[in-house]
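2 protein chains.
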Amino acid sequence: MLTIVCSGLSGKNVYYSMQINKKQEILIKFGSKVREQREFLNLSQEELAERAKLHRTYIGMIERAEKNITLLNIEKISKALSIKISKLFED
Amino acid sequence: MLTIVCSGLSGKNVYYSMQINKKQEILIKFGSKVREQREFLNLSQEELAERAKLHRTYIGMIERAEKNITLLNIEKISKALSIKISKLFED
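Residue numbers (my numbering), protein chains in the order written: chain P, 1 to 91; chain E, 1 to 91.
You may find that some hints are simply not true.
Pairs involving identical chains hold if they fit within one copy or between any two copies, as the list cannot separate such chains.
Said to hold, decoys possible - No more than 25 angstroms apart at the CA atoms, straight line, and that leaves these computed lysine-lysine pairs for DSS-like:
1) Lys29 x Lys67
2) Lys53 x Lys79
3) Lys79 x Lys29
Calculated from the structure, these hints are not laboratory results.
If you're wondering where the values come from, they're calculated on a predicted model, not measured in any experiment.
Just need the whole structure built from these sequences, with the hints factored in.
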């Protein structure tokens, strides 16, 4: 969890920093699902990148939750992983 | 469907323009689901925007498939609509 502490915090600022924590969790969950499915298919990051027409380093960043992925790229990855988008978000 | 025709097309270019068509469909499907769930909850775009802490015009653009939404904003909207992300991608 990331906690941002600022001097002169208002109620609104505190709420905002809590949002940042929550946001990161969804990226972590999504990245883990991508890695799990990629490994299930015995694909390397390079192979997945090639299938999805994305860059290999981008796939690594998604799996490590370092990028806020867009819907068009979520779709590219889901197709390359032969899995429905809804499945990538199931618990 | 959008078809881009360029002079001096290579095979790769043709493939790329097909990808653009496919990409738009997912934005349309997602935008429709957001509108459907928003109307089911009897919320205006303004009310949804306020709940999600996003701008009203942004909600409109998402519903009209004019924006390539990011995962963090997908999560904000799903929470504001009290629906799981996976449900927003089910057929």
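Going back to the hint list, which numbers does this structure go against?
none
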